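So the chains spell out like this:
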Amino acid sequence: MSAATSSLLRLFRRCPPADLASYRRFVVADRHVGWVKPHFAQLLAEYPSVFYLTDREVHLHDRLSDVEDRSKAVAEVLSKLHERGAVPGWRGELYPVNRRFGEAPLLLMERAATPLFGLQTYGVNINGLVRDGDDCMVWIARRAMTKHVDPGMLDLVVGGGQPYGISIANNLLKECAEEAGIAPILAKHAKPVGLTTMIIEAAEGLRVGVQFNFDLALPADFKPRNDDGEVSEFQLWSFARLEENLRDADDFMFDAALAKLDLLVRHGRVGPEDPDYLDLIARLRAPAPFVRT
Amino acid sequence: MSLIDHIHRCRSADMAKFVPWSIAGQAVGWVRRDVAARLGGYPTIFVADDKSVRLRDHLTSFDHRSAAVGDVARDLYEAGFFSGWRNEWFPVVTHFGAPPLMRLERASVPMFGVHGYGVHMNGFVRDHGRLKLWIGKRADNRPIEPGKLDHLVAGGIPLGLGPQECLVKECEEEASIPQSLALRAKPAGAIHYRMEHQGWLRNDTMFIYDLELPADFRPANKDGEIASFRMMDLDEVESILSAGEDFKFNVALVLIDFLIRHGHITPDHSDYSDLALGMWQHSNAG
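In the order they appear, the protein sequences are chains L and A. Numbering-wise, my numbering comes out as the position in the first sequence, counting from 1, plus 193. Numbering-wise, my numbering comes out as the position in the second sequence, counting from 1, plus 1.
Treat the hints as calculated values from the structure; they're not laboratory data. Values in this document were obtained by computation on a predicted structure and should not be read as measured data. Quick reminder that beta carbons are idealized off the backbone N, C-alpha and C, glycines included. Watch out, some of these pointers could steer you wrong.
[As the list claims (entries may be wrong)] Dumping the calculated BS3-like pairs for lysine-lysine here, alpha-carbon to alpha-carbon at most 27 Å: (1) L:K381 / A:K223; (2) L:K367 / L:K340; (3) A:K52 / A:K133; (4) A:K149 / A:K170; (5) L:K273 / L:K230; (6) A:K149 / A:K187; (7) L:K384 / A:K133; (8) L:K367 / L:K416; (9) L:K384 / A:K187.
[Claimed, not checked] Far from chain L, by Cβ distances over 10 Å, these chain A residues were calculated: (10) V48; (11) F63; (12) K149; (13) D269.
Using the sequences and the accompanying hints, generate a full structural model.
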């Protein structure tokens with residue numbers, strides 16, 4: 194590695210640290226589970242039977258005491274806000290609201306609203322790998338130019354959000370089949386390899402993500418296939434090309450780039466001789482930005 | 002005991018017990034309050050109060066700082082503050098890779114609470130697609146964690162060596178792994194924790210390596226630090242980790258990380274996210 198090589202920290206410079214001082218904490222049953230932007234907090238305050246504001250917090254009303262009551266009351270408010278155009282991109286998928294994967298949810302909430310509340314969400318990512326002697330190659334997807342978000346950017350071969358009510362393992366099989374034509378008989382060999390996290394400010398609010406990463410060894414003659422038109426092409430890259438791209442360009446979507454950086458670290462392509470090694474590892478495992486109560 | 006308890010055990014430092022110390026305005030470590038008071042007894046070398054300790058600004062070079070603080074360390078060693086003088090030098094740095102500001106006797110590193118860096122290597126073999134790990138048993142005369150289970154190869158990174166050079170050296174001394182084989186070890190991440198151990202602060206970062214060994218490889222210890230070796234399958238490693246503290250404290254973390262990276266511990270483990278994210282202790286989180 195020459196001294197002139199660009200730093201892999203480039204990725205994190207793309208998204209500067211969130212300034213949480215400008216948000217209000219979202220609190221449910223005395224637990225801090227999210228961060229709400231002031232303008233959205235004002236909208237929520239218009240529904241005082243469900244939400245109330247204190248100095249620096251947005252609370253879900255304490256009379257809503259169980260997951261059913263909370264989910265129903267919040268869904269009614271969100272549906273009205275959606276009609277007013279304040280909750281764009283409605284998905285019709287429910288996400289659990291909690292602070293730790295697997296913890297019983299305090300409520301379930303429409304996916305599109307999760308960044309508005311700054312909730313922690315979960316997702317799965319599969320690195321599709323092909324052995325090449327002692328080295329590895331990795332499959333990369335390019336998003337279709339017709340995609341609303343980040344058209345034409347490089348993406349994971351398989352990646353998706355983790356809705357409530359489906360196991361990680363089953364979600365992985367479903368996403369593999371839908372996004373890249375990877376049959377369950379292949380996909381079931383995907384090996385869990387750990388987590389990466391992200392905290393980024395997006396236009397709609399704060400995105401707090403925990404990504405479950407998997408490595409899947411694919412046969413040399415396997416070609417991923419996308420049927421829903423969301424991917425314009427798949428390419429098989431060497432780790433060297435992947436590293437070079439992450440150093441020199443912003444071609445990958447942010448969460449995909451995190452997963453690929455983690456891949457290069459775990460496989461030893463990026464090692465302690467990189468001056469930013471420890472910084473990179475710490476940033477891939479940023480703790481959830483919630484006050485423990 | 003459950004796996005997560007090993008992480009809690011290595012994150013035991015109550016930083017309120019320590020005061021920061023600095024060289025030329027740069028934070029380099031944390032010392033216990035009684036040590037801070039003691040350092041204040043060397044007013045030509047340290048300025049100490051109840052909030053911080055600073056090395057005197059007239060000590061501007063690596064050599065001057067190392068000699069002056071080395072004399073203090075020797076005094077405190079003779080006064081019984083710490084034991085096990087080793088005549089090995091560790092660098093004092095603000096962050097890994099930065100030029101060392103001075104050097105310290107290895108045995109005094111925990112007393113000065115400076116960031117210590119080490120290498121840990123998982124030596125494994127593939128047996129019909131299943132992984133097995135070579136595990137060492139520490140000699141009974143080791144000052145730290147005698148008799149505990151350990152990695153095939155691990156060691157602190159002394160002054161003047163990089164992680165890979167240190168690994169190659171330890172491979173030879175601890176397990177008779179030749180350089181040609183040791184150079185095939187792959188870096189696989191790093192683990193950081195702050196622990197109170199034997200009353201001192203261990204502010205540690207471990208560089209993790211994985212080395213796949215030939216099936217017929219047999220380790221042999223040369224430096225007397227490891228009493229014996231044996232091979233374990235991953236179920237056995239996990240069950241020993243779940244049963245108690247048979248493994249050296251930080252080796253437990255490296256092994257849990259290995260079990261996660263190699264898919265042996267899966268997301269349906271109830272503590273999966275805390276285990277996977279627990280390998281790096283952030284300064285603003287428990």
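Checked hints:
no.	hint	in the structure
1	L:K381 / A:K223	44 Å, violated
2	L:K367 / L:K340	21 Å, holds
3	A:K52 / A:K133	49 Å, violated
4	A:K149 / A:K170	22 Å, holds
5	L:K273 / L:K230	18 Å, holds
6	A:K149 / A:K187	25 Å, holds
7	L:K384 / A:K133	17 Å, holds
8	L:K367 / L:K416	18 Å, holds
9	L:K384 / A:K187	19 Å, holds
10	V48	30 Å, holds
11	F63	20 Å, holds
12	K149	26 Å, holds
13	D269	7 Å, violated
Of the numbered hints stated above, those contradicted by the structure are hints 1, 3, 13, listed in ascending order.
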